[in-house]
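Q: One-letter residues, chain by chain:
2 protein chains.
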Amino acid sequence: MSLFSKKKPSDFYPDWYHEEAPKDSYRSILKWGSPTEFKAPNRKLYKLMKETFDMTDDDFKVKQEMGLEKVDFDMPPKLDEKHIAKFREILGEENVKTDNYTRLSVAYGKTMVDLMRLRKHIVENLPDVVLYPGCREDIIKIVEYCNEEKIPVYVYGGGSSVTRGVEPVCGGVTLDMRPRFNKVIKFSERNQTITVEAGMSGPKLEEILNNAVSLFGAKRAYTCGHFPQSFEYSSVGGWTVTRGAGQNSTYYGKIEDIVISQEYVTPVGIIKSDECPRNATGPSIDQIMMGSEGTFGVLTHVTLRFFKYMPENRCRFSFVFKDWDSGVNAVREIMQGEFGFPSAFRLSDPEETSVGFRLYGVADTPIDSLLKLRGYEDGKRVLLLGFTEGEKAFSKNVFRQIWKICHNYGAMYTTGLVTKGWEKGRFNDPYLREDMGDYGLMLDTLECSVNWDNFMEVYENVRRYCKSRPNTICMTHMSHFYPQGANLYFIFEAKMSDLQEYLDYQYGIMDNIQKYGASMSHHHGIGKMTAPWLEAQIGHNEMEVYRALKRHFDPNNIMNPGGTLGLDLPEDKRRDFITKK
Amino acid sequence: MSLFSKKKPSDFYPDWYHEEAPKDSYRSILKWGSPTEFKAPNRKLYKLMKETFDMTDDDFKVKQEMGLEKVDFDMPPKLDEKHIAKFREILGEENVKTDNYTRLSVAYGKTMVDLMRLRKHIVENLPDVVLYPGCREDIIKIVEYCNEEKIPVYVYGGGSSVTRGVEPVCGGVTLDMRPRFNKVIKFSERNQTITVEAGMSGPKLEEILNNAVSLFGAKRAYTCGHFPQSFEYSSVGGWTVTRGAGQNSTYYGKIEDIVISQEYVTPVGIIKSDECPRNATGPSIDQIMMGSEGTFGVLTHVTLRFFKYMPENRCRFSFVFKDWDSGVNAVREIMQGEFGFPSAFRLSDPEETSVGFRLYGVADTPIDSLLKLRGYEDGKRVLLLGFTEGEKAFSKNVFRQIWKICHNYGAMYTTGLVTKGWEKGRFNDPYLREDMGDYGLMLDTLECSVNWDNFMEVYENVRRYCKSRPNTICMTHMSHFYPQGANLYFIFEAKMSDLQEYLDYQYGIMDNIQKYGASMSHHHGIGKMTAPWLEAQIGHNEMEVYRALKRHFDPNNIMNPGGTLGLDLPEDKRRDFITKK
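These protein sequences, in sequence, are chains A and B. Going by the working numbering, the first sequence opens with residue 1, and the numbers climb by one from there. Going by the working numbering, the second sequence opens with residue 582, and the numbers climb by one from there.
These are computed hints drawn from the structure, not numbers from a lab. A portion of the hints provided could be inaccurate.
Claimed, not checked - Covered stretches of chain B (in silico footprint by chain A; criterion: 3 or more residues with CB under 8 angstroms from a CB of chain A, positions within the stretch not fixed):
hint, region
1, 692-704
2, 722-730
3, 868-879
4, 914-928
C-beta atoms are modelled at their ideal positions from N, C-alpha and C, and glycine is treated no differently.
Using the sequences plus the hints, can you model the full thing?
A: Below you can see the structure in the form of structure tokens.
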């Protein structure tokens, strides 16, 4: 590659850093996913970035703030040694860690602010001690002790939070749930449910269900149905407490549709919901606890539905519409068609379609030429892709109905290959961020929930704000669809490495999401990042309900304290935004 | 008919009382539904009852406790006149009533205990005054005033509660929501949602949606999808606060799947959820309020999803299996088949099948003979009936898949006619109770929620208890299905007119439902009737969550006080039952 670029200077392609990060370095923490997996912007994206960001090849010759340095700072644990001794007594010596690297490695999630801080060696918040519980009893003892001693308790699952949800802003302990609290407790093929400890990782759960025949003597293979983009580095506990959604949620449902029951250890005792599929026995305990993001207690066990693993029944499709309006009307009609829902389903706006065609290898192919010939113009046309699932005839019929509706809205069928291209990148796009960050480029996303009535206004105005910054890419898509609305995703890319500049831009986007009536999150959750907007969105009286629950479960405010969900956010930190409604 | 019975004395058929109840009589209150609609047990059911209850024609010659007398009792309102004056000031003279008949007519629901008490002229609990609010502002003023003055507030919707949910055990005011608080607030065809006032009746909502073209200029007709047996005398508010389910819930979902947003007036202010289809913005406000059964506040507005009205796509079916096990395995496989769900869906156990065949006119027909010939024996065989809905090809495919699975489990297809027979009676079966009650016969139901793992144990043991009483019919069916379980319905009929005898029997059934691990209700709710069992079912810590919410919303305990949901139930009234789990 570098040989080639020497010969043709105009074909310069950056020398991306694709080496395992040095041991104990900041980069080893900020890096997404596998230490040995990488993903560079391809040549077409590279070209687009240069054009859009007004950059030259020279700007990609020197890397910056790579975080290759060994983690090193002077912030000794503030927690009294007697407490640490107590934790050692509960968990054993080896399951209590206080070294700097371990503490920093569970302090941040994976939002842009986290990555930027790590690149800049900004260590703001740390747990005093990292604990590795191995069973429910460990967690009960830890929560009881911390409640007595008023020690803050944070929980770290997969570490993929993009809302500063895991950040221990008040110090104290962080429970790292993955290493030792990840077992299967119960598998019921008859109920089609599996009960697991909260530290179970997404891929491990899927592997277990795929192998149910050999592991449990089941009749067939199953799937969990929940595949967020962060899938490979996410945990069942994290899915649940944040109200997450997988990329196939249009068919399988959001995590609240998949979770059948939960168990939490709270300062006032264990909370456990039953395993009946539905009840009329008062408010839903499950729905009170889901979305509490660690502020009411520690989620220990989750019983999840699972589904038949039938990839052979998938029908992949993609369609290109002449314009955004046609695409939006078509997906709404599909979701209201009462023939079942597709599984993966994604409608990209003109800008994302344009970028996507380069990324998925459609641009400049015969399909692209044909599209242009037929009047599907770049910059106006929009791409719908996805696949159907389920029982064979069901899946085929959903495909057929989608085809019919898209055809009625003037779409051109562009085969299932585009979807295959998207599938290849669906879990590894986050790897792009390291390579981009090395050249001072920011890539981040925000998402919100809309209904069909307010969707277009939210789309237009948030996008207008995003694009008001020069030299900025703003790609928008809808995914996670419902008959009544959808999730709306904004992906923005720019040359930006100043933390405050980034935050100002991000806050502006969130202000606009709120101003035009969207819900602040469909599946990322609130954490500490979006917390200042929560009260203005859900309302003061509604926020007081959350605070009443918080006082009940956690009278000493030890569970994920410091602003999570806006529960203990000082009034001057709450965005006083007047929504348009 | 009576001429015929004179000729052939063995064909005696009772002279059912099919006249409009006298004005202002107890019977006019206890009678189900329309004053001029009646339904007598048909001759086959009459014969079965005589056999089972060990009765003769002579027992059906004299009626008892018919409640024909004019409502008359001496329980003047206890509320100070100044309060009543205040309500008159808020609502106007004509919307405040204190006469005995009006007060009694909103005091009870329609459970057996209610009907028995009315037949016996037992007036235990009454509101002091009945109010007819006409708008949200009326309700705000009433709740504010009652909260200041600590006056209990009860809400009466359709009046079909079977849990003593509406009973004003502490006196005070009852808001009768139907007459004046029943308007459409918003219709959005794009969102497929309608916002209505809580007093809107089921049939009116359905009529409005069926006529959306002429009423709102919509493109087509729609349906609400929610048809509880009480449909004709139910209200949207009642559906919502009790977590109700319609008979077609397997396809359309329970009310919590249909409700998109709600607004409540509580003593601490208005609580309103947003109209986005899904959120990740903390615990679900909707799911905290749904199931609160009037104990947190007054539900004023509900935004519901609606669906395309496509009765032409229905495929009706019925199948007979050789035994209960085959039927149960088949329905589980259907629900886990991932081809979509049927709409109406009902699997009757051997006893209900036997009775049902008489009621739906199958017994002694050629179908019956053929069944017997092929080894589907009465007393063992079970009936599955229902229909599919949705888009045409979807509906057909669900039908085809059901057919395939039933066939694999050895079922015989018995056409859609049986379903048609069931549909005729689906909303008017409750009318049977007046005719039966006139001869001292009790007909009541209890329902619970099970998962597939505990279903058979619950079924066998609850049924064993029911049948331990001699001369008692106990029919059981499953309806409202999920991939993880179902709702289990027990219908019991016996000669029983003593209130205490009835209560002892009912309590025994509920003890057994709880003992074998079912959830105490799938869709009737808890009310005051099931409240003593709630804490043992959901657990003490979970109950304390409800109590914390109650303290928050209603610090003066004015909202539906007196044991509803077990919130202010004295400890000695809580059933101290050790569940088997």
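Q: Each of the hints needs a verdict: does it hold here or not?
A: Status of the hints after comparison with the structure:
1. 692-704: violated (count 0)
2. 722-730: With 0 residues closer than 8 angstroms to chain A, the region 722-730 of chain B misses the three-residue bar; violated.
3. 868-879: holds (count 7)
4. 914-928: It holds, with 5 qualifying residues against the three required.
The earlier numbered hints that this structure contradicts are 1, 2.
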